[in-house]
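Residue numbers (the numbering used here), protein chains in the order written: chain L, 70 to 364; chain B, 44 to 274; chain V, 2 to 435.
If you're looking for bench data, these hints aren't it; they were derived computationally from the structure.
Any given hint might turn out to be false.
To be verified - Keeping only pairs whose Cα atoms sit at most 25 Å apart, straight-line, the calculated PhoX-like set for lysine-lysine is: (1) V:K19 with V:K59; (2) L:K230 with L:K251; (3) L:K211 with V:K313; (4) L:K205 with V:K175; (5) V:K175 with V:K186; (6) V:K161 with V:K175.
To be verified - Listed next, with one range per pair, are the computed distances between beta-carbon atoms: (7) B:T122 with L:S151: 17 to 25 Å; (8) L:D121 with B:H207: 17 to 25 Å; (9) V:R428 with L:G263: 22 to 30 Å.
What the hints assert, rightly or not - Calculated Cβ distances over 12 Å to all of chain B for the following chain L residues: (10) R120; (11) R141; (12) G171; (13) N239; (14) Q256; (15) D304; (16) K336; (17) T355.
Just so it is clear, the structure is predicted and the values come from calculations on it, not from any experiment.
Glycine is no exception: its CB is placed at the ideal position from the N, C-alpha and C atoms.
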Amino acid sequence: MNSLLELKTAMRDERTEVKPAKRLGTNVSFDRDYGDTVGEVTASNARMVCRDVNVFYGPKQAIHGVNLDIGRNEVIALIGPSGCGKSTFIRCLNRMNDTIVGCRVTGSIQLDGQDIYDPQMDVVPLRAQIGMVFQKPNPFPKSIYENVAYGPRIHGLTQNKAELEEVVENSLRRAGLWDEVKDSLDQPGTSLSGGQQQRLCIARTIAVNPEVILMDEPCSALDPIATARIEQLIDELRMQFTIAIVTHSMQQAARVSQRTAYFHLGKLIEVGETAQVFTNPRHQLTEDYITGRFG
Amino acid sequence: MSVPREGHIVRRYDGELSHLHYLVLEMGALALTQVKDARDALCDRDLTLAQRVIAREKDVDACELRADSEIVQLIALRTPVGSDLRLVFAVSKSITDLERVGDEAARIANLGLQLLGSEGADPNPVLLHDIASMGALAVGQLENALRVVDRWDRNLAEDLLEAHEELDFEFQAAFRRLVTFIMQDPRNIGFAVNIVLIIKAFERIGEHAQNLAEYVLYQIAGRDIRHRVEP
Amino acid sequence: MNSASSSRPITPGETLAKVKAGLPRRRAAERRFRAYGLAAIVGGLVVLAILLLDILFKGHSAFWQTRIELDVFVDPAMVAASSDERTRLMEADYSGMIRQGLGKLFPEVTERGRKRSLGALLSGGAPYELRDRVVADPALIGQTIPIWVTASPDVDMFEKGQLGAPDTDSFRLKSDQIEWLARLKQEHRLEKRFNTQFFSAGDSREPEQSGIWGAAVGSFFTLLVTLSLSLPMGIAAAIYLEEFAPRNRWTDVIEVNINNLAAVPSIVFGLLGLAVFINFFQLPRSSPLVGGLVLTLMTLPVIIIAGRSALKAVPPSIREAALGVGASSMQTVLHHVLPLALPGMLTGGIIGMARALGESAPLLMIGMVAFIVDVPGSVMDPATVLPVQIYLWADSPERAFVERTSAAILVLLAFLILMNGLAVYLRRRFERRW
Numbered sequence: 070m071n072s073l074l075e076l077k078t079a080m081r082d083e084r085t086e087v088k089p090a091k092r093l094g095t096n097v098s099f100d101r102d103y104g105d106t107v108g109e110v111t112a113s114n115a116r117m118v119c120r121d122v123n124v125f126y127g128p129k130q131a132i133h134g135v136n137l138d139i140g141r142n143e144v145i146a147l148i149g150p151s152g153c154g155k156s157t158f159i160r161c162l163n164r165m166n167d168t169i170v171g172c173r174v175t176g177s178i179q180l181d182g183q184d185i186y187d188p189q190m191d192v193v194p195l196r197a198q199i200g201m202v203f204q205k206p207n208p209f210p211k212s213i214y215e216n217v218a219y220g221p222r223i224h225g226l227t228q229n230k231a232e233l234e235e236v237v238e239n240s241l242r243r244a245g246l247w248d249e250v251k252d253s254l255d256q257p258g259t260s261l262s263g264g265q266q267q268r269l270c271i272a273r274t275i276a277v278n279p280e281v282i283l284m285d286e287p288c289s290a291l292d293p294i295a296t297a298r299i300e301q302l303i304d305e306l307r308m309q310f311t312i313a314i315v316t317h318s319m320q321q322a323a324r325v326s327q328r329t330a331y332f333h334l335g336k337l338i339e340v341g342e343t344a345q346v347f348t349n350p351r352h353q354l355t356e357d358y359i360t361g362r363f364g
Numbered sequence: 044m045s046v047p048r049e050g051h052i053v054r055r056y057d058g059e060l061s062h063l064h065y066l067v068l069e070m071g072a073l074a075l076t077q078v079k080d081a082r083d084a085l086c087d088r089d090l091t092l093a094q095r096v097i098a099r100e101k102d103v104d105a106c107e108l109r110a111d112s113e114i115v116q117l118i119a120l121r122t123p124v125g126s127d128l129r130l131v132f133a134v135s136k137s138i139t140d141l142e143r144v145g146d147e148a149a150r151i152a153n154l155g156l157q158l159l160g161s162e163g164a165d166p167n168p169v170l171l172h173d174i175a176s177m178g179a180l181a182v183g184q185l186e187n188a189l190r191v192v193d194r195w196d197r198n199l200a201e202d203l204l205e206a207h208e209e210l211d212f213e214f215q216a217a218f219r220r221l222v223t224f225i226m227q228d229p230r231n232i233g234f235a236v237n238i239v240l241i242i243k244a245f246e247r248i249g250e251h252a253q254n255l256a257e258y259v260l261y262q263i264a265g266r267d268i269r270h271r272v273e274p
Numbered sequence: 002m003n004s005a006s007s008s009r010p011i012t013p014g015e016t017l018a019k020v021k022a023g024l025p026r027r028r029a030a031e032r033r034f035r036a037y038g039l040a041a042i043v044g045g046l047v048v049l050a051i052l053l054l055d056i057l058f059k060g061h062s063a064f065w066q067t068r069i070e071l072d073v074f075v076d077p078a079m080v081a082a083s084s085d086e087r088t089r090l091m092e093a094d095y096s097g098m099i100r101q102g103l104g105k106l107f108p109e110v111t112e113r114g115r116k117r118s119l120g121a122l123l124s125g126g127a128p129y130e131l132r133d134r135v136v137a138d139p140a141l142i143g144q145t146i147p148i149w150v151t152a153s154p155d156v157d158m159f160e161k162g163q164l165g166a167p168d169t170d171s172f173r174l175k176s177d178q179i180e181w182l183a184r185l186k187q188e189h190r191l192e193k194r195f196n197t198q199f200f201s202a203g204d205s206r207e208p209e210q211s212g213i214w215g216a217a218v219g220s221f222f223t224l225l226v227t228l229s230l231s232l233p234m235g236i237a238a239a240i241y242l243e244e245f246a247p248r249n250r251w252t253d254v255i256e257v258n259i260n261n262l263a264a265v266p267s268i269v270f271g272l273l274g275l276a277v278f279i280n281f282f283q284l285p286r287s288s289p290l291v292g293g294l295v296l297t298l299m300t301l302p303v304i305i306i307a308g309r310s311a312l313k314a315v316p317p318s319i320r321e322a323a324l325g326v327g328a329s330s331m332q333t334v335l336h337h338v339l340p341l342a343l344p345g346m347l348t349g350g351i352i353g354m355a356r357a358l359g360e361s362a363p364l365l366m367i368g369m370v371a372f373i374v375d376v377p378g379s380v381m382d383p384a385t386v387l388p389v390q391i392y393l394w395a396d397s398p399e400r401a402f403v404e405r406t407s408a409a410i411l412v413l414l415a416f417l418i419l420m421n422g423l424a425v426y427l428r429r430r431f432e433r434r435w
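Next up, chain L with everything else stripped away, as it sits in the complex:
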């Protein structure tokens, strides 16, 4: 009770405190035009800053000059019709697009002020900092324990077996999966149900202790109960991580996110507080999309 009150106060304090910083940020670092995007592109306490991001697949341009900040401890939802580039954009954020032949990214994407597309940048530590959860649950065909232990093991995050076991347990607990799997850690991860598999994938991601978690339609293959569990999980994880989530479900975006960004044909049309976007979108395209008038 007491701690909740403190937390609320702290959150309120933070919100009131950062207001001047918000203005400072816009004035100092990026005093420029943000294209046609409607709404507040900048975030008060930006974790990731994307400026004029263009993505090309061969000759075809998939993303056109996107400017977007992702703030600390916020969940930002990326919505838009299929093929609008939201998945492409989120995959740029941890350079997953590197694996696609013919994919080219221009502009700057910064994580805590460091350009992740810098040629000096190593993608291995980058992806340890920016974890990703995919559309289809994709546990490794290994045991549940191995799935979660894999990340900490390859990055050398733990000193011994006991520590590793602790990390595994913690991650599974935070993913809300521990009670369901604690007696079957040696079972293959693929033997779990779809929703459990996806939570296992989330546990695997948070075991590395990233700073940002990217989720590419994490619930599209799940039933409503499993979806609700994941949404609850996202809400809990927000306290520690910065989360960007791509979703086809506008209700989901409305439920889990603080900010919503609407993409259309590779352009960022509108970004704003989720409540505002869903009650009073400012751009006609956003309005048409969320009300189901998209022709």
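With chain L held as given, fit chains B and V onto it using these hints.
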């Protein structure tokens, strides 16, 4: 955007939204008839008309129940967002206001029966003058409000809101006149109180009419303009 | 506007009537299609069964060998006088002892010509069988020992009923020889026994002394070289091409070439081996080393192609998952992709090996067709392989080599089935579901 915009991919959704709009108009027409009849009953001293108004009150209530259940269903099944959400919200609020308008009309009819039906008493026609003028103003505002709802027109709504002090002034003036009557002849006190209650009801109807215009503006502009502080 | 109003109104039942009208035709087409497939399979199986039965029928008798029991007195006087014990034993007059032993069984045969006929009942290798016995146990000298010796191929063929009718050219037994054989049989001194020599001896000019062990060991050494070279190279090449190589003109050229190599006739690889390994590198002719190198060249493209398709079959979501946790490309491949692709790669490898085991043409070119009696002891020794041995025996004029050819084919087929079975087992055992 004169009427709720159509063009949903699910065309039945368009139909359901315009049906909600239609329900507001239907209920508005019913409430307007009630108010007009209550006023006419008073001005023409027609007791049967007043009784008919009281009897018809339950039709207004039934209309509200029907509209409410449709709104709940629509929210449950379609989960409206954006302008649709604001439309549903505006309709819901309008229905509540129109039901209050119906209540006020019934109250006026009841007060009219007390005023006119009491044994051997006939109020001074001068006293009733204020009822006619207040009634005309209230009916006019309600008519305008319903026109706003019908055309879903921003300019009309703003015009109506401009006139929000008219009824207030008229009420204050009538109130002062009635106080003078009471001071002249304390026997008038019974009539005067009833008449104050009646013109207060008309004043309330005018306020509800203002509310309707506000809801329409809220739906169109996307922001709440109620209770705003004038600059 | 309305899509329903613009199209022709459909009367109820119309669709069903049309569907029903076309149904018999569709059913008939389906039945025909199934019949074609079934006929193809049955036809193939029948031909295969005929082939196998024919080989089995011709070859099964080679696993049995007619033997004759003699009581031989190992005469110390016939053992040569030599200071060296081993030379003494090796150079004793064993043929004489055998002759004496045979003479004791048929004391009535005294005439020179008939004695020769009697001697012809036994294989030319009989004295060596006695010699091996005595060398193994010198204490036998001075004793009379019962010993089963190999009969001559003509006797063997006669006993197996493969000599033909008594008045044809191929029937080379005389009437008194047949009489003696009947007597031996009566005395239980003539028996068909399991032919261990066939599995333990090298090649020989004499059918009854020849075996496939030399060829089998040659095949083993050749495959050992092939396996230890082509599997690591093939898997490494497949991984590099599939996972790491940039997609450009060079990799395209390499890919086209690999696909072409897989289709090159195997004899071309033999010519290449002859030119490069033997003539240029001066590696020993006829050796399993050169054979293995040639077969490596031949199986490498097969293994690379199989390996690449096994890697391609690994779902990209697994790679994404690993990369998403922050694994490097190499970790992704080694920890996740390779374990999933390995069963497929091994299957490809084993099938490549099986093909290499059955290959003869390129090995003819590098001299593995030579007549080699000794069992090879290393990859550098001259050797032959099973398919080449079959080819050699099939070419031999002796009647007794026919059954040996078939028997060798049976052995080769058994090895091939074993290897393919292993491939299936590995795939079943290690294949993982995802």
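Hints and how they fare:
1. Our distance criterion of 25 Å between C-alpha atoms is broken by K19 of chain V and K59 of chain V, whose separation comes to about 61 Å.
2. Between K230 of chain L and K251 of chain L the alpha-carbon distance is near 17 Å, which keeps this suggested pair within the 25 Å criterion.
3. The hinted pair formed by K211 of chain L and K313 of chain V meets the criterion: a straight-line CA distance of about 20 Å does not exceed 25 Å.
4. About 84 Å separates the Cα atoms of K205 of chain L and K175 of chain V, which puts this hinted pair outside 25 Å; it is violated.
5. For the given pair, K175 of chain V sits about 17 Å from K186 of chain V by alpha-carbon distance, which is consistent with the 25 Å threshold.
6. Of the pairs offered as hints, the one joining K161 of chain V and K175 of chain V holds, with about 17 Å between alpha carbons and a cut-off of 25 Å not exceeded.
7. T122 of chain B and S151 of chain L have their C-beta atoms about 20 Å apart, which keeps the hinted 17 to 25 Å range intact.
8. A beta carbon spacing of about 49 Å between D121 of chain L and H207 of chain B contradicts the range 17 to 25 Å that was offered as a hint.
9. The supplied range of 22 to 30 Å is met by R428 of chain V and G263 of chain L, whose beta-carbon atoms lie about 27 Å from each other.
10. R120 of chain L, annotated as away from the interface, keeps every beta carbon of chain B farther than 12 Å; the closest lies near 29 Å.
11. Against chain B, the non-interface label of R141 of chain L holds: every CB pair exceeds 12 Å, the least being about 27 Å.
12. The non-interface label for G171 of chain L is consistent with chain B: the shortest C-beta to C-beta separation is roughly 34 Å, beyond 12 Å.
13. The non-interface label for N239 of chain L is consistent with chain B: the shortest C-beta to C-beta separation is roughly 37 Å, beyond 12 Å.
14. With a minimum CB-CB distance of about 38 Å to chain B, Q256 of chain L clears the 12 Å threshold, and the non-interface call stands.
15. No Cβ of chain B approaches the Cβ of D304 of chain L within 12 Å, the least distance being about 20 Å, so the stated non-interface status holds.
16. Even its closest Cβ contact with chain B, about 19 Å, leaves K336 of chain L beyond 12 Å, as expected for a residue assigned away from the interface.
17. Separation of T355 of chain L from chain B is inadequate, the least Cβ-Cβ distance of about 8 Å not exceeding the 12 Å criterion.
Checked against the numbered hints given earlier, the structure breaks hints 1, 4, 8, 17 and satisfies all the rest.
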